[in-house]
Structures are given as structure tokens and as C-alpha cells.
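Following the hints, complete the assembly by docking chains B, C and D with the ligands onto the known chain A.
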Amino acid sequence: MTTTTKPHELPVQELERVTIRFVGDSGDGMQLTGTQFTRTAAAFGNDISTFPDYPAEIRAPAGSLPGVSGFQISFSSSDIHTPGDQPDVLVAMNPAALKANIADLPAGGALIVNTDAFTAANLAKVSYASSPLTDGSLSKYSVFEIPISTLNARALDGLDMTTKQVDLTKNFFALGIMFWLYERSMEPTLRWIEDKFGKRPVIAEANRRALKAGYAFGETTEIFHTHYRVPAAHLPPGKYRNITGNEATALGFVAASVRAGRPLFYGSYPITPASDILHQLSGYKNFGVRTFQAEDEIAAMGSTIGAAYGGALALTGTSGPGLALKSEAINLAVMTELPMVIVDVQRAGPSTGMPTKTEQGDLLQSLFGRNGESPIPVVAPATPADCFDLALEASRIALTYMTPVMYLSDAFLASGAEPWRVPSVEDLPSLRVENATDRATFRPYARDPETLARMWAVPGTPGLEHRIGGIEKADISGNVSYDPDNHHRMTLLRNAKVAGIANDIPDLDVYGAQDGELLILGWGSTYGAIRSAVERLRAEGQSVGHAHVRHINPLPRNTGDVLRRFRRVLVPELNLGQLLMLIRATYLVDAQGYQRVRGKPFRIAEIHERAEQILAGR
Amino acid sequence: MTTTTKPHELPVQELERVTIRFVGDSGDGMQLTGTQFTRTAAAFGNDISTFPDYPAEIRAPAGSLPGVSGFQISFSSSDIHTPGDQPDVLVAMNPAALKANIADLPAGGALIVNTDAFTAANLAKVSYASSPLTDGSLSKYSVFEIPISTLNARALDGLDMTTKQVDLTKNFFALGIMFWLYERSMEPTLRWIEDKFGKRPVIAEANRRALKAGYAFGETTEIFHTHYRVPAAHLPPGKYRNITGNEATALGFVAASVRAGRPLFYGSYPITPASDILHQLSGYKNFGVRTFQAEDEIAAMGSTIGAAYGGALALTGTSGPGLALKSEAINLAVMTELPMVIVDVQRAGPSTGMPTKTEQGDLLQSLFGRNGESPIPVVAPATPADCFDLALEASRIALTYMTPVMYLSDAFLASGAEPWRVPSVEDLPSLRVENATDRATFRPYARDPETLARMWAVPGTPGLEHRIGGIEKADISGNVSYDPDNHHRMTLLRNAKVAGIANDIPDLDVYGAQDGELLILGWGSTYGAIRSAVERLRAEGQSVGHAHVRHINPLPRNTGDVLRRFRRVLVPELNLGQLLMLIRATYLVDAQGYQRVRGKPFRIAEIHERAEQILAGR
Amino acid sequence: MTELTQVPLSPENEAVIKLTRKDFASDQEVRWCPGCGDYSILAQTQKTMPEFGVPKENIVFISGIGCSGRLPYYMNTYGFHSIHGRAPTIATGLKASRPELMVWVITGDGDALSIGGNHLLHAMRKNVDIKVVMHNNRIYGLTKGQASPTSEIGKVTKSSPTGTIDQPVMPLSIAIAAEATFVARSVDTHTEHLAKTFERAGFHHGSAFVEVLQNCNIFNDGAWRDFTDREFREDRMLVLEHGKPMVFGKDRDKGIRLRGLHPEVVQLGDGITEDDLLVHDETAPDPYLAYMLSRMWWPEYPVPVGVLRNIERPTHDRLMSDQIASEIARRGPGDLEKLLNSGETWVVE
Amino acid sequence: MTELTQVPLSPENEAVIKLTRKDFASDQEVRWCPGCGDYSILAQTQKTMPEFGVPKENIVFISGIGCSGRLPYYMNTYGFHSIHGRAPTIATGLKASRPELMVWVITGDGDALSIGGNHLLHAMRKNVDIKVVMHNNRIYGLTKGQASPTSEIGKVTKSSPTGTIDQPVMPLSIAIAAEATFVARSVDTHTEHLAKTFERAGFHHGSAFVEVLQNCNIFNDGAWRDFTDREFREDRMLVLEHGKPMVFGKDRDKGIRLRGLHPEVVQLGDGITEDDLLVHDETAPDPYLAYMLSRMWWPEYPVPVGVLRNIERPTHDRLMSDQIASEIARRGPGDLEKLLNSGETWVVE
Ligand SMILES: Cc1ncc(C[n+]2csc(CCOP(=O)(O)OP(=O)(O)O)c2C)c(N)n1
Ligand SMILES: Cc1ncc(C[n+]2csc(CCOP(=O)(O)OP(=O)(O)O)c2C)c(N)n1
Ligand code: SF4
Ligand code: SF4
Ligand SMILES: [Mg+2]
Ligand SMILES: [Mg+2]
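Chains A, B, C and D are the protein sequences, given in the same order.
Residue numbering for the first sequence follows my numbering, beginning at 179 and increasing consecutively.
Residue numbering for the second sequence follows my numbering, beginning at 179 and increasing consecutively.
Residue numbering for the third sequence follows my numbering, beginning at 212 and increasing consecutively.
Residue numbering for the fourth sequence follows my numbering, beginning at 212 and increasing consecutively.
One chain only, chain A, in its complex shape (with noise of 0.2 Å):
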């Protein structure tokens, strides 16, 4: 962390990561602030990572602690894999967002609070018996009291508009701050005002005026002692986009449906938080995607069931609440040996739970959650951008072995965000399969020695009339069957189809030590904390490693020796303990557990801590 100083007169800090979280009303615009910073630095080359903060209301009352909207990066000059644990700067625009997110700063943290808002009638709101701003409670941190929604009207001074729509403004008076405070060019902004605004010059004005005005503020106050630098960070080099899991997740089936030749077809129910892959591949038309939105999710698995019967790429996606309901028609998928992929992204459970929080809570239901014995292939990707290659990978699985697929998303890779490198389409795998045509050589359940998928023969296929559901199949000749040997053997030919994938996977793989103390074994979206708490346990000598199982079921076929090179296994996770369960049974190994289910992500100090623990012998 060296120290320059700048043609004007302020020091400048260069630092290697920065967080910042905007917080305010849901009328603040906080999301747009955030994203607008989030812009502007993926475009000046650093490592970012995001997580917005819905309200769980869809309108609160304004100035409501329910109300309260966020937006958090983290943005920085190495490689970083979460949002951040705490923030460093707080950008606070009312009472209520101060309330409910002081309590994440660390002593120190800069604050920096919109003073215009805090009235007695809001601080009344969050029931504030005395303003934090004046009765010491902030003294552990560097606090900035801006009145912006004042300076801010200032500036628009003489724009024919409402204070209403000046207010509105606001939010970009702040980021115009914040672009000084970190020296960022407001050119992305600036372009991107004139895109949206263009047409209604008044308004393109008074946001370009608010943010001007921001930046200016700190150039010319003496209120900041310093600004801060961030270096680009060192990404592999290529073209890269920032997305969300769940905007990975369509673009990776539309690309799946692409490289196999079939068209996409999506039946689906809303759901929080699944719904937007619903809305975005809604959007998709004119690649042949079809999306059904159904009248329960029973109808949506029901649909789903039959586009794969049909021949297309067959997906459906859901939550928790809406996996049970399709359970029973999954049970058909797998007795009909179909192909499709069941999207799942996970919500803070049981029942309706807390719908906007994330949680890994079905991984158990995924892989049992139906009658008799039914297995399916779980993958579950590690990070927004991870799930592009696993719908992919979902799709290949689903497509060469005839099976129905699980695919475990969750609240937090759904709405977080990272910078992906665009893949060109050539460099994407074929999925290509062939139909069955030859009468000759047709039944409807003969299977490939190699994967024991049974055919594909799909309606309009001359000759091969043939009939499959839901009652025990008969090998091969796929009739009705009550014979107890065929249940016996068609049981275990299901059983082996699933578990002869391992061989078709890539064997697990172990970041840092590669045997030794500690292994940390993680799935889904705990990835980018615990790889952060490796890196730092690394980086304090400790003999650790780091494996995260992005193919669940089933396991990669070195997951045992893997296990077997450490003395500890700790198997973190946002539910009680599933893949630990399925670890422990599998192979014996007295993995621990680490829990943590308070429908957030892991924070990279819990895991470094417990791993420490362990370490010590704890």
C-alpha cells in the first residue's frame, strides 16, 4: 500500500480490494447506483464481485425497515471470489438504511450518510429514540455527514421538474462522490445517461448535473483527507461481461439447445427466486425457445416431460417449494428414462421460509425425494458465472445418458454477480444425439452397453409406435412388467446408469495443499468464501486444501482418496449437514460438519476461523 500524491493537492492510497455497500429506500435508487459503480469498474479492468439486497416486500412503506434496498461490490486489483465480508465504505441515503446495516461495518469503516433524511419523522420510523448522528453512537467510525438531497437540489436549481423527480436524482449525486472518492472516470455513466435519457432531455440533464455535482463536491470540499486507488486487476485476457447466475443459467441452455440441435422449451411456474430465468428466456424467441409458463409447478413438470418425450432440450426450473410439488412427476421422468434438466434455485427453507434468502437446503431432496428408488444426477455450480458451464454440462448428461438432470442453483449465485470471460461458440462442446429410426434394431428400452442410456424415439418416427410410462418397464421390450427379477434388474440398471457418469466426470480436483491437515470440501455457491479463507490460511502457512464437488451424484471417482490425503475434513454448508451426510456414508471418513443457516452466505471470517479451530486442535 504505497502513497502518492496527485496534480491537485490530495494524497492519493492505492489499495488492493475495496467494498462498498449503497444502501437506502427502494425508492433510492440503490440498485442502479450500485450497478453504475459496478460498471464503471468492471470497465476500468478490476476484479468485481456484487449482491444486491432486496427488500422482502415488494413496495414497504418508504423510510420502512423492511424497505431498506442494497447493493454491494467488492471490487479490487487480485482475483476475489465473494462480495465481501464487510464493507469498508457505507454510503447510508436514510435513517432506516443506516439502521439496518450499521451493524456490518467495521470499526473504522468509512460512513458516509445523506443528513437531509434524517428528520425526527424518519428517525421516528425505525423508532431512533435520539439521532445517531449527534448522540455519539457512530463514534467508532469515520463518518461523512453530506446533506445530498440538499446540495443536490442546488445543482438541478432552474430544471423544470417536480422536487419529486429532483429527488429522485439523488442517488447519483452520491455515486458522483464515490467516482471521486475512487478516481473513476464518469464517462460510462455519462453514456449511459444519454442512451437512456436521450429522449427526455430534462431528465438526462438532471442526472447528468447530480453527478457532476457529486464529483465535484469531493474534489472541492475539504471534507475527504484522502481518495483511494484501485489498480486494474490481472484477469485472464479476453472479452468479458458481468453477469448473474441466473442470467448464466438461461444463456447456458440457450447455448446447450443451440449445440444440440434442439430446440429449448422451458416450463416453469414463478417462483423467487427462479423466476427471472422465466422472464429472460421469455425473451429468447427468435432462437426457438419456447417457454410455457404453467399453472403449478405440477404442470410445469408435467410439460417439461413431455417436450423431452417430443425431442427438444426439456428444462424446467423452480425453488424449494416447487421442487416437492414436481417430485412425483419426476418419479415419471426417471421411469420413462427421458432427458431434461430440473432447475433448482435454492431459498431459505422449510416451507415457504424466508423466500429471498439463500440456503443449500436440497441437496437431500434432489437426490430423494421421490418413491421407491429413483436416481438422478445432481450438479450444482459454484459461482454466477460457473452456471453457464454447468447448464451446459446438466444438458450433456441429461442428453447422453437419458436421464433427468438436477441442476441446484441458490438465492445467492442467483442475483450475484461477477465478470465472465464470453466463450467464443466453437470452443462450447457438442451435445449433438442421434433419434432412433431403425425399426430393425428399435425397443423401446435396449440400452447402449457403454452408457446404458435406452433409445430416443421420439413421435413422427415412422415404424417405432411404441408405448412408455409410468408403470415397471420390462428390459429391453420396455412392456409392462410385474416379473420381481425384472424390478430387481431394471432397479439396478437405473442405479448403475447414474452411477456410471463418474466415469465420464472430471476426477475432483484440490486447490492449495494436496494433502496434509485440513480439507475443505464445499458444493455450490460457498465456493468463493471458502476459496477466499484457503487463500488466506495459505497465505499463513497452514497445510490446507481446498475441494468443491460441482457433480454431486455422482461423486467424482477420486472424492475417497481425496478425503483420505488430509487428517480433517470440514464440510461447510448453509443446511444441517447433506453433503457431509452423503460423505460419511460414502466413504467412512469422519468428515465434520460447519453450519450455517441464516439465509446468507458464508462470511470468509467464519470459515477462516473454524478452519483455524480445527487446526489448533479445537
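Because the hints were derived from the structure by calculation, they are not lab data.
Glycine is no exception: its CB is placed at the ideal position from the N, C-alpha and C atoms.
Treat the hints with care, since some could be wrong.
Unchecked claim - Capping the alpha-carbon separation at 27 Å, the derived lysine-lysine pairs in DSSO-like fashion look like this:
{"#": "1", "chain 1": "C", "residue 1": "Lys407", "chain 2": "C", "residue 2": "Lys461"}
{"#": "2", "chain 1": "B", "residue 1": "Lys417", "chain 2": "C", "residue 2": "Lys549"}
{"#": "3", "chain 1": "A", "residue 1": "Lys374", "chain 2": "C", "residue 2": "Lys355"}
Said to hold, decoys possible - Examples of chain A residues lying across from chain D (beta carbon under 10 Å, computed):
{"#": "4", "residue": "Lys417"}
{"#": "5", "residue": "Arg419"}
{"#": "6", "residue": "Ala472"}
{"#": "7", "residue": "Ile476"}
{"#": "8", "residue": "Ile483"}
{"#": "9", "residue": "Gly641"}
{"#": "10", "residue": "Ile646"}
{"#": "11", "residue": "Asn657"}
Chains B, C and D with the ligands in isolation, oriented as in the chain A frame:
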């Protein structure tokens, strides 16, 4: 096995145990025949175990293989646990029945056939190229060829009946033969005929004649060179009745309702093999039982939750596919912590599977088939009669701990029957629990420090108006809460509540060796086969114990100790190792599974053989 | 009171009659978007409750999931915020085992007609004695704006960027075809009419279905404006009154006349008098008039509000209780000892 | 053929037109109880298929669970014996992605109206181009005799030993209220009429719902006998014919006349002529006549059979395909490379 001589010439052989299987066309009345023999053997004092084998079709074409109906009874002078692996005597009324069952008859077994039915037409129906009676294919059995239809018709000669009516009585002729062969009195059946057909004298007379003619046939003809005696068993004294699992389940919950002082509500949607519970309970209206046939399983579950909310002893029942459909609603019961029991009469899956066949495939679905962390106690009866006791136990747990409870029966228990020693009502546990009534102390989610059960305040209670639902609840107050720490705490509380039940259930006890070479650990309907196999192994001097878990979640506290007392642990299941996975994960014991998924119960010999292999280190 | 005799008088029942709207407001902070039509529905619900003279502990509000689903939190009665679409099933089980309770079901157009359509249908045909209030805003509010089964065809929503392709259902047609015994419609902003409609529903014996046209000012603002706005609602809505001819219009100068099986709008005067008009009969045994009304829609017709159908049929819980009573009368109250010892038994000494 | 132009002519299509009933019989042994009405339904289904001139590989039969659900096994076409109540959802997904296929749904009164009621409703309102044949035997056959949603109130069944307490639904009323574009009824034993009805349904564009009154001789024998028996069916059933007055009776001497909104049975002669009778109009835009017919029932009325309603509305798959086509026209066929690189991007050297 002694041989004495009876007043008339034939020698009598004394046997410890005999297994007879009656097989014929659906129309041949094999179920009735079997039941009559059962009643007689039971009344005589034998221990008995029976199992019917209905065709999957309602009415398959006469004489066809799918139309074959069977009934197996095992009766003994000692305590028995299963209907027997294989019949000692097979009574086959037509070629289809012979073809479908002959494979089960061991070499040397007795085969009694109705030769009249072996017409060219009937043989053709089941594609017998030549008649098995003449082509020597039955040489390894001792075959008794009897023109039952003709002899029976002759016996009924002169009665004013159609030939069709006459033919319908031939099963009683066969029954008569068996009564003679095993020295049974015709009295019980003659009385039954009187009760049943009293008002239709001709029919009554016909059945009487058929029965007596069959008996006389045995006595007078030379074809049987011996007959058999199976002395009475030494059952614990008391009043007995023969009972199937579904009957015992229905009675058990009526008893629970009486002992809880709460009306029983049963919300269900018909499904094989659970429907009979609905039929049975709908006949107990004078007990205040309210049965509700819902439009589907989801509605059945919803209505059950509503009844529990209202303060009833709430019950729902279904089979695997229905349980899958209920899963989302069950989670609402978990979140609202309302007491109810969910009966799952397991059948062969996945999907529709083989609806009339048995399996243990729903254990993991019961435990994990819901989104999020959703702990539910699970109990599983071990025998038909045990269904009664566990119905009371499941109700006790639900009411004491304010939780939904899973009750796992299966198709084998459902229609299997055994003698049940009728308990007296005052010996049954009291299940009374109090509703909340005190305004001063009531908090919707305040918990009993002992059980962690929350208070049960039913609508209609003045002053306790409150709101519950599926969104996460704040500890104590029960208000909606998105607080991260509260969610974590509530998740752990729900888990601890169910785990704590372990302190309130009996320890796991072991039959046979208390430690040593091999423990066979089972659950549910495999009890009989395992226990019989272990008895045999013990008799052979092997160091083998049998433990059978009736409480699966939580497991008895001493389970780990029991497992560790043996060098090897074998877990036979009618699935691919579901309890096995729990055991390995929980206790890190290298238990091995023995799995048969054939839609049929284990044979004693199968388990005996597997155990021998293990003991021999194979 | 006679209407609800099955309600036992609770200890403080003398007090009951004196209950006021405030008694029915819970301590929970109301959390709908400012301007949402649900506020008015809540207000009228709270206002109506005292009318029934039912102790508040004997009233239960059960809802599904949706913005509408929050209503029970704001009622100071027993309340159950259940899961999406299943409220009628929970209400059925509760009412079947506790006939003396007054049970309301609060639902939305998606909750009731999309995922929950089948439960609604079966509760209605069984005449389960529940009062169903459906907040119809023609959109999925809580999930932020997807099409619902009542969204007009071609509607652009988050899930239908190029417009929906689905023919909407007419909720009241469905309710009538489902054999509902009480079917009515009102509007969030027509407060007196709304309160009156709730009152009628509450006093009805059996399934009551009330569609409330509700404005979602965030995701579907003005969905009903064309005919519900103060300025022209008299001309574009038909207020049904039992036994009265179907007259409407600011100047009461228009009416509905039947031509064969086709209803037509006529101008009163020169030859056409009220005697030529259809007379509303909510109690008609035939459902034909009610069905016809359920399909009349602006701009072809004025939109009917009020009670379309109101007939008597024994309720589900009453029939269930009667069967139990007659079984007890016939066989005597259940004797467990006898039951356990029934069937074929034998004794082992 | 023009009716089904979207069906591509398959290689052996010249042959197709020459297909016979036998070509549609599979090799599977039929497994219903002797005497079951399903045999006749199967026979007429197989007999009708060649009429459509659709290659058999382009025909798919999808069923739920129930005795009726076995039918697809016996059709030598593509077949899917799915799960209880969900056949319409599978058919919807299949038809949406493969518009050129002809899709039939085979269901029972429990499968379609109990567990599957909501799916049926939504498939109908969306006018999914599927032909739904409901075998109505007023009982649960496969599960051995429990009450179904069409069982008459008071019926004693395994699950209702003291009689059901549930008002049955009228399947055709539900279908009409669900906006179905084709609604018809026939009888298992009226073979010619049944075949004709299937043919009409098959040629219809959009959702077709056909209720077949079917006899379950094991668990509900003679459920329809009162009016379907040869001896008196002319007097107790009304055979609907488009554009014809509603005449019935062995001697064609009775008819249906409209009094206000009430249909009445009249004796022709002395003053009353066919001109006084209701004339059937299956294509009426208003569903009022169809709804009225859906509720007429013996003994008060003759039971109507034939096509009650038959209107045109764009099908779900057609609308979906059109939107895709117009999006392609508007934005050009999807370019994956472009899509992946869309939005804000930046380059790292
Ligand atoms: C099983 C399940 N599926 C989906 C959802 C998500 N969801 C919640 S409310 C809702 C629809 C809300 O629409 P509506 O019923 O019209 O109520 P509104 O919000 O408009 O009042 C949906 C799809 C859910 N909570 N549960
Ligand atoms: C999810 C589920 N619930 C219940 C069942 C049991 N079941 C099979 S068919 C059926 C009803 C059959 O009645 P219907 O639809 O009228 O057909 P039918 O047998 O009379 O032709 C039921 C309840 C099932 N197979 N699956
Ligand atoms: S989203 Fe619409 S329906 Fe929901 S609370 Fe807001 S305004 Fe009301
Ligand atoms: S049970 Fe009834 S419906 Fe089913 S096959 Fe037999 S006769 Fe037909
Ligand atoms: Mg809505
Ligand atoms: Mg039926």
C-alpha cells in the same frame, strides 16, 4: 416328528409347521378358501401367518396368467413370523394357476390339481404346449390329480342350481380335502356357511355338500397315504383375533383417538395399498371418526393440517406417489409445528411402479423429501399386529412433541395377517395433552423446556387469537421474521425437538447373541424373515443377533453401542440401502447391505444364506 | 345471530355484539404497497366482522400465498397464512372438524385460479361452509408481475414480453359451474358495496365465493379503471338487486333485455319500459341467469356487481355431522373395548 | 385432410389413407374386465383413426391412471401411460413443442375431474390442440370402487358406506366454463354415435372435450342404464344436431322449448310444432345454450348427446409458433455468438 396311528387305517404324521398355497382363477374363490382354512387353524390354536396374492388387474380374463389369485397360509405348533418361503402343498385349480406358482414348490412338495380344468383350451390360454400332467414335467413333485369339478358336481347333484353356480362351490370341495388332510374340524366353516347363506338354503346346502364331499373324498379314497397333524402352538394366553396390517392400523388410530380424547380426522385420497384404511375408518363414524375423501393427496394433506389446527387427532394416509405429492404441504406442518400422523403404505416404485407389490423404498423420501431442513420423526411397524401399537406410538409422539410423524407401513404388512392378542383398553397408554388456554402465558412459539413442543392454541379459545403460517417464525412470538440469527436458531430448535425424542423411546434391544460375530439390523416388514433366519442360525450355533428398529428418526440412543458390539453388521432391506446409509453416516460403522427389490418380501432362506456367507467370511 | 346458531356463545359473548372494527385490527404493521387495493379490502373486512355477532376467537382467516395472502396477519382473529393455492383444503379440514367456527379464505387470482383452481372447485361443489374472498388484480403481484389466469389475452408482462397467448377464465363462471351456492362480485374502491357484499357472504350458509376487483398499482395499475372509475361507473357497471329489473346508467335510463338466449343492452323510453327488462333472481334454481351475468363484460355490457347467485344446499360439515349422529343413533356411541374384540376371536389358555 | 394440414406427409403417406382399424390395434393383450364399456370405446377409437388420414406415427395417445388409462397400450400409435391426473400437462408440453402431432388424452372421471381438474381447466382455456376423451363411469374403477366427482350424492361406495355427501360436478358444465372450444357427449354402447363424435373431435382445431358415458360392470354396473338402454333411449336422450330443432322420442313427438331462461319438455301436436322448439346451434358465440344443455338431465329432461359446443379460437401451439416466427422476423434468427457477447462488455489484454 412322531408317527402314530389313527382309529382308521391311515398313519398320522406330526409336523411342526405346514405351508399351503391355494391358487386358482380370480373367480375360483381362493381368498375365501384360504381365509376359511386360516380361521380353522387359528381357532385350533396354531400360530399362523398368511399372505394373499391378488392379481394386479381388477378382473383379468378367466384362465389367464394375470387372472391368477393366490392365498398362502403357514400354520404351526411353534411361534412363526412369516407366511413361509415356499409352500409344502400347492393346490392348483387351473393350468394358469399351476404355471404361475409351480416354480415356488420345492422338489418333493405336494401338488393337488383339479384335472377337470386342464382342458386343451385352458392349456392354450397360458401356452402350455403339452399338458404338464402328462408330459412328465411334474415328476419331481408328489402330484395328486383329482377331478374336483366333476366330483363336486356329482355331490351337488339334484340341487336346483345352474352348472355355473355349482362350479363356484368347487373351492369348498378342495377345502374339505385339506381339512381332512390336516385333521381339521369342519365346524367353523359349516357355521360360517350357515351365517352367510342362511337365507339362501340352496346355496348353503351346496356349500355344505361340497365341503363334506371333499372331506369324505380324502377319507375314503386311497390316493393319500398319510395325513398330518400340526399340534396347537403355545401362544401367550389371552384372547386372539387374526388381523391384517391395514386393519391394525385403522384400529390403532381409533384407539389413539379414544385415548387422546380427541375426534379422529382422516383425510385421504384412495391409492393402493392404502385405500383399505380409508374404507375401514369410514365405517367407524359412531366413534366420531370423520373421514374425508379429498380431490387429491395435496388436498388430503391440507385438510389434515386444518383438522390438526382445529385440535383433532389428525391423520392422513397414502402410498409412495401420494407421499411425494404431499411433501410441500407436509413442510407447512413442520413449520407450523402441528401434530398429525402421515401413514405411508409403501409399494414398489419408482413412479407408479408395481402398485400391488411391496417395497421399503420411501424411507429416505420420508426423511428428506422436502425443501430446506425439515426434520420429522419416523416410525415403522414390524408386523401386522405391530401396526396397532405403533399407531398409538406415532400419535403419542405427534401430540407430545407437536410435530407431524411419518408412519411407514408397506404392502406386505397391509394385507399380511397374523394372530393378535387383543389388548384391554385400560392397558393402552393415555394420550391426553392439554390445549393452551391461559392468555397470560400464551406465546405462539413458546416451548415446553422438556419436549421443546410449542403451545397448541386451537381456534375458539378466547384471548389466544394468533397467526401462524409457512414463513419463518420468530422464536417465542411466532411473528414473521427474516432475521438471520432467528432463522438459524429456529432451524436448530426444530431439529433438536425431533432429536430429543430419543430420550423418550425404548432402547434398541437385541434378540439372540448380545455381541459377537454378526448383527442383522432391520426395520419394517422384514422382521419376520430376519427373525426366523436368526432363529435358524442360532439353532445352528452361530453367534448372531437381530435388532429391529421401530423408531427410525430419531434412532434409539443405544443404537451405536449395539452396532459396535458386533464384528459385522448386515442390513437387509427391500430397497438399495436406505437405512444402511443412515447407519453408516451416523455411526461410521462399515455395515453392509443386503438388497432385494423384487416387489416381494424376503425369503427366510435368502437372509439365512447371506448371513452364512458373511459368517464364512465370504 | 340466528344465521349462525352453531356458534356457541363464548364466555364474553355479551361483549361480542359490542365489538367494533378496531377489535378486529391486529398489532401487526400493514405491509402492502402504498395505494394498493388490498388496504380497502382489509378495511371493509374489519368493518364487517362485528356484524356477524360471532366472537372473534371463533373466526379464522386462512390465506394462500400472494400479496392478498398477508391479510390474516392484520386481522385480530385466528389466522393461518398457508401455502400457495391450498387454503381451501386447510379450511375444509378445519371446518369439517370444527363446524362451529366461521372460516374465511383469502386468496388471489393466481392463488385461487392457477395453482389452486382444483381445490376451489371441490370446496365449492361440496358446499364447504367457507367464505372465499378472491383479490383479483389480474396479475401476480408478490412475484413482481407475471400473467395470471385472469390477465387479458395479449397482455405484456415479465413472463410474456410479446403478450400472453392464453384465454383468461371468468372466475364467476368457474364458481357457478363448480356448483357454488353463493357467487358475488364487488370492487375494492366501492367500499359500501364491498362491505355489504362481505356481509351477505358471511351470513350465507355454505360456500360463498366473492370476487373483488382489486387494483395493483405497482404491476397492473388501472386494470379495472375503464368501468370502475367514479366518473363513469354508473354507466359501465350493473348493480344487481334481487327481484329488481336490471337498470343501470347515471340516469337509470339503460337496461338489460333478453332476446332469446342473448342479453342485450337497451335504452329505456320510447316503448321500452322496465317491464321489458330482465329481473334479477339470485335464488333461481336454474343457474342460467347467473351464468349469463358471469360473462357480461365491458364494453359490450355493463359489468355486473353484487350477488349473482344465492341458493341453499346442505353444507358439507352439516352432512358429515348428521351422518355421525345417525350412526351413533343406529349403532350406539363407539365402544373401543367392543371394537377391539370384534370379529372372529379365540382364546388361548 | 385440409383439417390437419399441419401434419407433414410422412414417407409412406400414400399408404396412410389406406390404413384400416386393424393398423391401429397394438400387439398388447387387452386387460379390462369382461363386459367393461372400455372395450367399445377402444374399438370405436381404433375404427375412427383412419378417418383423419394422419400417419399413425404422428398420433400420440396420452393417458393418466385408471382403468381407462390402459387404452394407449392397445393403440398401435405412440403412447404414454403417465401419472394420475397429469396427462393434459404432458400433452400440452408435447403439443407445444411438436405442433404437427395429433394428440389424444385418455382419462377417467376421477383422473380428469378429481386430481386432474385444474390441468384440464387450463388446457381447455388455453385451447391446447388436444382431444380429451373422458371415460365417465361415475366411480373409481382401478382402485376398486370409491366415489368419484361424478358419483351421485348419497351413493354407497367402499369409501362412503353411509352414502357420499358430495354434490357431483357436471363435466360438460366445467368444460364450457373452462372456455373449451369443443364439448361433446356420447355413450359407450352407442357405437355409431360414439365413432361419429370421436371423428368430430379429431377434426376440431383446438381443445376438444368428449365425455363418454361408460359402464363399469364390476363396481358401478348400470350407472347410466336408466336412459341409455336400447329399449327407452330414444325417449330419454336428446340427440343434438346442429341447426335442427330439439326433437326426441321414439315417435319423434317430444321436444325442448324455451320459456324465458328455462328449458321445458313439450309434447308436439295440438298447437305445438317444431317451429316452437329450441334449434340447436353448436357454433353460437354465446355459451348459454351449450351451458343449458350441459345441465339437462334425466328424469327432468332427456339427456343430450352429441356436440354441445363447437367454436373456433386460435390454438395454443399456433399462437406460440406465431410469436416465435414474428420474433425471428423482427430480430432475425438467434445468433448465439451475438447473444453471449451482448450487454456491457470490456476487453482485458
Ligand atoms: C408452490 C409455490 N409456487 C410458487 C410460489 C410463488 N408465488 C407466490 S405468490 C404467487 C402468485 C401470486 O399471485 P396472486 O395469487 O394473484 O396474488 P397477488 O400477489 O396478486 O395478490 C406465486 C407464483 C409459491 N410461493 N409457492
Ligand atoms: C398420485 C396417485 N394417487 C392415487 C392413485 C390411485 N388411483 C389410481 S386410478 C385412481 C382413480 C381411478 O378412477 P377414474 O379416473 O375414474 O378411472 P377408472 O378406473 O374409473 O377408469 C386412483 C385414485 C394413483 N395411481 N396416483
Ligand atoms: S404488488 Fe400490487 S398487489 Fe402487491 S401489495 Fe403492491 S400494489 Fe398491492
Ligand atoms: S373395474 Fe370397471 S372400469 Fe375397470 S376394467 Fe373393470 S369394468 Fe372396466
Ligand atoms: Mg393477483
Ligand atoms: Mg371412473
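- Item | Hint check: 10 Å Cβ-Cβ cutoff, Arg419 of chain A to chain D | holds (5 Å)
- Does the nearest C-beta of chain D fall within a distance shorter than 10 Å of the C-beta of Ile646 of chain A? Since the shortest Cβ distance to chain D is 6 Å, the answer is holds.
- Under the criterion of a CB-CB separation shorter than 10 Å, is Asn657 of chain A in contact with chain D as hinted? Asn657 of chain A check passes; min Cβ-Cβ to chain D is 7 Å, inside 10 Å.
- Given the hinted pair Lys374 of chain A and Lys355 of chain C, is their alpha-carbon gap at most 27 Å? holds (23 Å)
- Can the restraint linking Lys407 of chain C and Lys461 of chain C be considered satisfied, given a maximum Cα separation of 27 Å? Holds: Lys407 of chain C and Lys461 of chain C sit about 21 Å apart, inside 27 Å.
- Item | Proposed proximity, Lys549 of chain C with Lys417 of chain B (alpha carbon, max 27 Å) | holds (13 Å)
- Item | Lys417 of chain A as chain D interface residue, shortest Cβ-Cβ below 10 Å | Cβ of Lys417 of chain A sits 5 Å from chain D, so the hint holds.
- Message: A closest beta-carbon separation below 10 Å is what the hint needs, so does Ile476 of chain A meet it against chain D?
- Response: holds (6 Å)
- Query: Regarding the hint that Gly641 of chain A lies at the interface with chain D, is the smallest CB-CB distance below 10 Å?
  - Reply: holds (7 Å)
- Task: Under 10 Å, Cβ to Cβ, is where Ala472 of chain A needs to be relative to chain D, so tell me if that hint holds or is violated.
- Result: Holds: closest Cβ of chain D sits about 7 Å from Ala472 of chain A, inside 10 Å.
- Message: Hint Ile483 of chain A vs chain D: min CB-CB distance below 10 Å?
- Response: This hint holds: Ile483 of chain A lies near chain D, its Cβ roughly 5 Å from the closest one there, short of 10 Å.
Consistency note: the structure conflicts with none of the earlier hints.
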